[in-house]
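**Student:** Top to bottom, those sequences are chains A and B.
Per my numbering, residue 132 is the first one in the first sequence, and the count goes up by one each step.
Per my numbering, residue 132 is the first one in the second sequence, and the count goes up by one each step.
Calculated from the structure, these hints are not laboratory results.
Any given hint could be a false lead.
Intra- or inter-copy, both count: the list cannot distinguish identical chains.
[What the hints assert, rightly or not] Here are the simulated EDC-like cross-link-like pairs (lysine to aspartate or glutamate), alpha carbons at most 20 Å apart as the crow flies: (1) 133 / 148; (2) 392 / 191; (3) 389 / 292; (4) 183 / 334; (5) 392 / 292; (6) 133 / 221; (7) 271 / 222; (8) 184 / 332; (9) 389 / 148; (10) 392 / 222; (11) 389 / 221.
There are 2 protein chains.
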Amino acid sequence: MKVAAAQTHPRFGQPEENRLITRRFCRRAAQQDVRLIVFPELCITGYNFSSKKALVRLAEPVPNGPTTQLWLNLAKAHRLIIVGGLAELDDKGQIFNSAVVVGPKGFLGCYRKLHLFGSEWELFSAGNQIPQVHSVLGFKFGAIVCFDWAFPELARILMLEGCEVLCHPSNLVLPLAQRVMIARSIENRLFTITANRVGTERDLQFTGRSQIISPSGDILVRGRSRRSQLLITEINPAEARNKNITPTNNLITDRRVKLYKRLIS
Amino acid sequence: MKVAAAQTHPRFGQPEENRLITRRFCRRAAQQDVRLIVFPELCITGYNFSSKKALVRLAEPVPNGPTTQLWLNLAKAHRLIIVGGLAELDDKGQIFNSAVVVGPKGFLGCYRKLHLFGSEWELFSAGNQIPQVHSVLGFKFGAIVCFDWAFPELARILMLEGCEVLCHPSNLVLPLAQRVMIARSIENRLFTITANRVGTERDLQFTGRSQIISPSGDILVRGRSRRSQLLITEINPAEARNKNITPTNNLITDRRVKLYKRLIS
């Protein structure tokens with residue numbers, strides 16, 4: 132089964148143009164029989180907003196806003212799962228840094244980023260729910276967003292909930308996440324798909340190097356640092372179903388759960 | 132402050148000889164002003180025992196056995212902290228895969244491996260306590276043993292307890308831990324010292340490549356895969372005290388603790 136990381140170069144403050152970019156990438160992916168595609172964080176608005184006022188004009192409701200509606204159409208037309216990041220506006224005027232998840236049969240869910248990064252604290256409200264695990268087209272998958280990479284707790288919880296493909300829309304600026312996501316794959320025996328953007332916005336340079344990692348930590352595909360690219364690879368999600376790292380060691384049953392209480396105190 | 136990973140080549144079933152090896156490494160380290168040295172897992176007995184009967188003859192009590200007594204003398208004579216792995220025999224005849232911790236002023240503790248690997252299940256009892264964090268000679272440090280690397284929970288707990296230098300006696304045979312320990316350093320902003328052995332015992336080839344990693348994930352020093360080596364580097368533990376990964380992001384206070392309950396259910 133083919134999956135893709137769409138390493139796009141969003142135009143700051145140009146949602147119409149950025150939606151068209153996602154449409155082009157979905158079509159190209161579908162031509163190559165991709166069934167699951169991941170777009171970067173905030174790939175519709177751009178990232179580096181200096182005020183909430185500027186952002187709120189571009190944020191949109193989910194699932195009734197234009198991006199989710201477009202993605203629903205594309206998912207249906209191309210028999211695709213789409214996971215992508217956008218600025219979500221709720222009915223109380225709060226903005227979330229969200230990952231929308233749609234499939235061929237409709238809207239699946241929306242994860243609101245839990246661990247905000249840098250000046251995101253001034254722009255976004257943080258989510259209050261663990262991401263869901265979805266089971267569609269043979270994939271059991273879930274999403275985390277960008278800086279969530281630094282918190283092993285979140286990927287672990289998704290793995291415990293059955294996640295086999297961890298989708299990771301990102302706007303990375305530090306040179307750390309690519310290495311840590313390899314560990315997330317190994318320690319949870321799951322595929323990780325990091326879709327990072329490229330380009331520069333004011334003082335921020337986004338680092339590209341999107342990657343898809345196997346449950347044994349192999350880099351199945353990795354993008355370049357400055358070029359818009361569609362990265363595609365074939366995966367067998369069943370590889371992530373078996374949590375045995377050796378014949379006698381299982382990453383779930385070997386956990387010493389009763390000794391981990393300090394993690395939540 | 133200088134720290135060291137002693138990448139030794141233990142002789143299987145030759146505890147006297149292996150103790151002498153640790154003495155030589157401690158002396159060499161002290162000549163270069165090392166204050167903390169880490170030895171591999173089970174560096175006194177060797178690793179690949181085919182029966183508990185063979186192992187029990189070589190296991191020893193802690194702190195009254197010959198290895199801990201030797202290390203206490205060396206620690207005092209050279210003003211060293213020593214963290215090293217051995218087979219511990221308790222007064223009920225149970226054997227633990229333990230990391231002994233001694234300092235210039237005496238015995239500090241003994242951590243019994245929590246996550247046993249492969250056929251260790253037939254030889255050892257698993258520990259039942261989280262490792263302690265010790266504060267000696269300006270280091271705040273703790274130990275995990277080998278396969279504990281696969282459980283992000285354990286390093287996280289040590290970090291929450293104030294650990295700045297995570298000592299990791301190992302007998303690695305998979306090509307995974309070196310990469311994952313870089314993530315442990317980054318996600319917890321602490322130094323990690325992986326002391327892995329070299330050599331072969333029956334079907335097992337130990338992989339060397341001991342390493343010392345900084346809180347930002349830099350490889351400060353890394354050993355070769357087949358050679359006995361003393362790896363030394365200078366570190367400033369204060370670098371690991373500040374858990375800010377950016378000016379506005381702190382790896383402790385950014386945790387969404389209330390949402391992590393699934394980790395212990």
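**Student:** Now look at each hint and say whether the structure bears it out.
**Tutor:** Hints and how they fare:
1. For the homomeric pair residue 133 and residue 148, neither the shortest alpha-carbon distance inside one copy (26 Å) nor that between copies (55 Å) is at most 20 Å.
2. Taking identical chains as interchangeable, the C-alpha atoms of residue 392 and residue 191 are never at most 20 Å apart, the minima being 39 Å within one chain and 31 Å between chains.
3. For a Cα distance limit of 20 Å, the shortest separation of residue 389 from residue 292 qualifies both inside one copy, at 18 Å, and across copies, at 17 Å.
4. Taking CA atoms no more than 20 Å apart as the test, residue 183 paired with residue 334 passes inside one copy only; the shortest distance there is 18 Å, against 61 Å between copies.
5. Taking the shortest Cα distances, residue 392 and residue 292 sit within 20 Å of each other both inside one copy (19 Å) and across copies (13 Å).
6. In this assembly of identical chains, residue 133 and residue 221 lie within 20 Å of each other by CA distance neither inside one copy nor across copies; the values are 33 Å within and 54 Å between.
7. In the homo-oligomer, the alpha carbons of residue 271 and residue 222 never lie at most 20 Å apart, since the shortest distance is 30 Å inside one protomer and 48 Å across protomers.
8. For the homomeric pair residue 184 and residue 332, the shortest alpha-carbon distance inside one copy (18 Å) is at most 20 Å, but the shortest distance between copies (66 Å) is not.
9. Taking CA atoms no more than 20 Å apart as the test, residue 389 paired with residue 148 passes in neither setting, with 51 Å inside one copy and 39 Å between copies.
10. In this homomeric assembly, residue 392 and residue 222 never come within 20 Å of each other (Cα to Cα): the closest approach is 37 Å inside a single copy and 29 Å across copies.
11. Taking the shortest Cα distances, residue 389 and residue 221 never come within 20 Å of each other, neither inside one copy (38 Å) nor across copies (23 Å).
Hint violations for this structure: numbers 1, 2, 6, 7, 9, 10, 11, all remaining hints satisfied.
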